[in-house]
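S.K.: Chain residues, written in single-letter form:
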Amino acid sequence: MAGKPDVLVIGAGLAGLTAAWQALTMGKRVRLIAKGWGMTHWHAGCIDVMGEGVDDDGGISDSAGHAMAGTAAVQPDHPYAILGRPKLNEAIDSFAQLCRAYEYPLVGNAGKNWMLPSAVGAARPTYLAPETMIAGDLTDQRPMLIVGLSQLNDFYPGLMADNLNAQGIPAAAVTVDLASLREVRHLNPVMVANRFHSLTFLDEIADAIRPHLNGAERVGLPAVLGFEQPIRVKLELEQRLGCQLFEIPTLPPSVPGIRLHRILVQEIRRLGGVVQEGFEVVAAEISGSRVLRVFSEAGARQKSHAADVFVLATGGILGGGMVAAQTGDIKETIFGLPLSGVKAQQDWLSHEYFDPQGHAVFKTGIRVNRDFRPIDETGSQFAENLIVVGTTLAHCDPLRERSMEGIAVATGFWGGRQAASNESS
Amino acid sequence: MNPVELSLQNCIKCNICVTACPVAAVTDLFPGPKYEGPQAARFRGSDQPMPDSSVDYCSGCRVCNMVCPTGVKIAEINAKARGGMVAAGAVSARQRLRNNLLARSADLGRLAQPVAPIANAILNNRLVRIVTESVLGIAREAPLPSFSRLRFSKWFHGRPKTVSAKRQVVFFHGCSTEYYEPRVGQAAVAVLEANGIEVIVPPQGCCGLPLLSNGEFDAARDYHASNISSLLAYAKQGIPIIGTSTSCTLTLKEEAPELLDYYGEDAQLLAAHTYDFHEYLLELLEQGELLMPRRPIPLTLAYHAPCQYRAHRIGRPSLEIMGLIPELNIIESQAACCGIAGTYGYKREKYQIGMDVGRPLFEFVNSVGGSVAVCDSETCRWQITHATGIETVHPVELLAAAYGYTGCDRVEKAIAGS
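Chains A and B, in that order, give the protein sequences.
All letters in the first sequence, in the order written, are residues 3 to 427 by the working numbering.
All letters in the second sequence, in the order written, are residues 150 to 567 by the working numbering.
The shape of chain B in the complex, shown without the other chains (with noise of 0.2 Å):
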């Protein structure tokens, strides 16, 4: 038995985590971690019926996990019924075409982004958005990012190569930095830069995650094993691969290999490389190695840390090196999650769920108030512009531009209003 179905002999059913799960608080449709989890994964043997499809309504927010007592890894027991879903043919057609265009994010990407300002105006136009609703089941409010007219790793090849022999990393980017927000990765590699770092960028993939998370198992399977083959050497090398996107490093650290049954020593080797960007300055920190930041920043801003970074049990190191930043008042929000929890949001039966979900973070960004909200996951971003309408920006632009980058528009512009 894998560690994932083992943790269910674990539960106390004490209810603890019935009483965090921000989805069960807003809706009847969960009844709550402790049932769908390891409760209903006692009749989910390969020759019983299956016991219940609103399984499909957990967000996989992982908050159940963080508050157990006991150690049941509730959300992946959750996250591998939907893949049996899925695998038994329980899922419609339709929603699982529905789902895998949510969830093929470096697809739609390649297919779209070179054609950036018309996908961006066929994607915002609200009539496209009413018929791929009824049709499809996207929820026509939910926030669509934009395509960005430059790509990433194109950007990142196009400019003069920087070596350095004392420490190199390899860079993640993750497809919301490929296709959506270079400016994250720009502002990321600014930093390590700084701090006199080569940034190595090789061919990658999707890590898999919105698969993973609509019980596409097979193919986040492929994604995750292409990224191994294009990492594996680096991993050898003993180079730290980090990432800004807190979901897709911690796909390849741990959901990848937990839900895949994705033991092999390839994959650990990988899973034990890989860094939340913030984790690794964090070590830099401790080491004495990192540089300190100058620029004073005299904002006060809310930050959330977002379920997928909580979930990597680190703590919250954007936190502390943000606490590095002369004049920057950081408030850290004690909600439980925004609501969109990946591709879950942008379901049409999910959507209202995700934005009640989210109700008392987008209170406590409005209460915040300031020119722009902080946060390290890019749909937790989008989703809390879209609800409080602040813009979002990763704590990386902010350090950036404590080091005196100033590429990242929307720090600049609040800097200058403050």
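The following block holds chain A by itself, in its conformation from the complex (with noise of 0.2 Å):
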């Protein structure tokens, strides 16, 4: 694609992925420029929706609706409240259909959140999982054998056993030596993934754990089950085991995440897109109620970007599209956009780390209106053409609400739309 693209897309997160998918879609020209990859590779590769509602005395939430419905009560500037459930649903739908024709089906829970195991047995609520999770659904009592590798570190099949068993699922752990990882001196999730392609090691591995199951129904392993069929390495393995099997989320770089990031980026240049990564943006120029263009960092000077339409996809403050200062100034990183929720340095943090109530700092995002155009405090916009998606949003806390993915695919999906329109609603 040459020239001035319709619709210019900043981050390269679930967020501004699905926005490129969806204006692409609608027949638009679209570039997507990035930093560099992001919560894609680091994020458990499911789509939490809402995991805590508001209205659950702050316990886990069992519905996702539920308890979408109580945060949009006491909080109607929340994205999903703003979108409304038929937009959340048509986002959320279309993003499992778009990766079942990839043959890697998400799944839901006829409305309920799955309870899957983290990788140190922690409930983990969420909305849309991978077919190759689901079997590890803790709600189900079946016994379990965690299995680990011994050349893949930080993931830990004893401690997460215990902490499955203190919760009353019975669970058994072996870590299994693997002849063909011996030679290698240094492994990751990605490096494991790729061996997965070659039959040899399916077998490898399912003769390695077979000696160690004794009775257990589901066998869980790091989610490393290759890239390009893991469905159909699950059903091999399960049938050499005689078992169900499911994958364990684990440290990043996360398997399931760059699944989901490689579906979008195949389709988006399916479409047509640009996906570029390498490109920080760090200004822009406005005239009037346009955003003109920006500018990236590059070598020796600033590379110009124009467009009709530009989609702010940058993340918050772990994403990198605000920063926080010691002197407790919070910024967006390009536009300088009015931000709600600030507050002075020493109030960021709550005193505990896992303070029911999440830390304040994370629920400063940027404000908008109804059409997710940036708005000051007194609700004026900040520019006509200038769409807003993902977790820099204002009025919602992604971690402590479990809804990270959840945002960024609803907001995504129809800022996205509302890009390639360039209408409000």
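Keep in mind the hints are simulated off the structure, nothing from the lab.
Please read these numbers as outputs of a predicted model, since none were measured by experiment.
All C-beta atoms, glycine included, are put in the ideal place defined by N, C-alpha and C.
Be a bit skeptical, because a hint or two may be false.
[To be verified] Selected chain B positions facing chain A (in silico; Cβ < 8 Å):
1. Ile165
2. Val167
3. Asn214
4. Met215
5. Leu399
6. Ala420
7. Ile463
Two independent chains are provided; combine them into the complex using the hints.
M.R.: Right under this line is the structure:
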């Protein structure tokens, strides 16, 4: 694609990628630029829509829908409340359909959250999970065997099994030593995942696990079951072991997250869009009520990017879309957009790390109107052709709510469509 | 602290660079950018022993920099570490001799180009290559380029001078155009002159990048200083300095200043006036000043944007300019790297790593087929041809042909065969 795009998306997390995909489906010329790869390589590869709702006494909610309704009631400016249930559902369903088209089904649990085990054995409420993970659901009491690989550091089956047992879920643990991995000096989940393309490796790992089954009805492995056909790998292994298999998210790089990244990038390119990393957008040129161009850092001089509509999807403090200074200042990094929820530095963090109320600093975000255009506290719009999506938005706390991916997908989806039509709803 | 060292504080250990690194994916000898870069750098204080010589297996492709979500200059941290190893005498004399032979392309060219037929016969001799491999460690299969019988600057100054009051540019030809592939420079001159631009080719030396990527920082500093002194006068007049070699222009823009802590006013002025060839043309296009190519090139060709090009962070200007050529269908590779990474793939201990790194690209080029492949960087072109047997051209050769220039034999042959 040459020349000026209709839509320029800034940021390659789930929100930015989803926005680019949607603007392309509406026939627009789309370019996505990003400083680097982001959240897709860190997160668990599930779509958490709403884990802990405000109507739920601070406990874990088993109904994403229920928790969401509660949130919308007390927080009318929450991104979900702006969108409403039908739009949220449509976005999440379309995303699941896209993944299914790439033979990687993400499945929901009839409106309820799955309770999937984290790598330390904690219950992780999530709305959509890849088919490779759902056999690990903890509302099901069947005994499980957690399997680690001796060469893959940072995964502790014993710790996980102990924690599961403490919660009344029968779990045993084993670490298997695979001859084919012994010569490898440094192993990470991506490298193991690449080995699953070989049937010999499947046989080797199945043979190593089989003697330790001892009546386990399901086997949990770190999430490394390959990139190309993880569902097939899962079925092949299940056949060899005679029981169900599930993936457990690992520390980064996260294979299930990367699968989602690859699906979205592939789809964007298939539709004629461009995805380029290495562009840190640092400034913008604005004239009247329009953003004319943005500028990215480059060798010797800045690179200018003009477009008709801009989608800001740079994330929050973790994603780099906002920076917090020692002085207590928190800034949106490109446009200097007005932020909501900024507190004095001493009030950023709660004294309790696991405070159920979360930390104030993570609630800082960009205020938007019903069209996802940024506004200031008086409600006046910053620019007519700038749309903000993802966890950089105000009035939500994605970490505490467990709504990170849901907000990214839903606002990315509708923000991308808004950008393509560039009309107020 | 300079920006390179400062950037390591931004590392959040997310491992994205390790995921993307094309070298770590094919060999255990390089544990990955995170370990070698921001992590090991913390142990590289002057009063501490070197952590690990495996940093020498970093190819410097900069794929890690491009994917890093927090802006760590990983490849530069690694290059500096290698420079530190050379300075500390941690690299054997034999290796340094080999590295210097590979890295001093200007000296080599000055010596061998005048006797090109003899030099080429010697360098293509299998026995000679076996001996140089065992004595010096230069891989016998690696694609050494042939010296041209024509030296670009001699050709340029031997032709009638064209003058334009409208626009002038300095052409930075680099060693490859000067000694090996003058056809690329000739095509560039054809394109510029077709646009009514006066081309100036002042005396110039190697940009110093091959030395920088072999840790020979002192020698590289001399080259950079000498280029500044010969090019500064033009920069001061506001004349752009443009080059078809993506790594040379990146070195003048950024690599030399960053790696050598060369942040003087003169170096900055030179950097600010340096452009990649197509980056410059794209600016002309945006100003409505670029001549539209009219001659159709009815070919479907594979294009690889080299790592050194992507590292400019300017997008894909050559892809956009090629998009103006009627009937030309370019398919862009999504491969990380061709593997040769300048001098890296010429080294005996790294040749196979380079070939393994490049495999996805070679498969892509073969799958697109076509009579030629397209790539902006010279060593990548040689590597692609070596691995696929498909001749490779610089994008400017296609553009020149589309302007009606018929001097690019490879392009003409391809058009004739279509």
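S.K.: Regarding the hint that isoleucine 165(B) lies at the interface with chain A, is the smallest CB-CB distance below 8 Å?
M.R.: At 5 Å from the nearest chain A Cβ, isoleucine 165(B) passes the 8 Å test, so the hint holds.
S.K.: With chain A as the partner, please determine if valine 167(B) meets the hint condition of a C-beta pair closer than 8 Å.
M.R.: holds (6 Å)
S.K.: For the restraint on isoleucine 463(B), tell me whether the closest CB of chain A is nearer than 8 Å.
M.R.: holds (5 Å)
S.K.: Is the hint on alanine 420(B) kept, meaning its closest Cβ partner in chain A is under 8 Å away?
M.R.: With a minimum Cβ separation of about 4 Å from chain A (threshold 8 Å), the hint on alanine 420(B) holds.
S.K.: Just to be careful: measuring from the Cβ of methionine 215(B) to every Cβ in chain A, is the smallest value less than 8 Å?
M.R.: holds (4 Å)
S.K.: Would you settle whether the hint for leucine 399(B) is holds or violated, based on the nearest Cβ-Cβ distance to chain A being less than 8 Å?
M.R.: Since chain A brings a Cβ to about 6 Å from leucine 399(B), closer than 8 Å, the hint holds.
S.K.: Does the CB of asparagine 214(B) sit less than 8 Å away from some CB of chain A?
M.R.: holds (7 Å)
Of the numbered hints stated above, none is contradicted by the structure.
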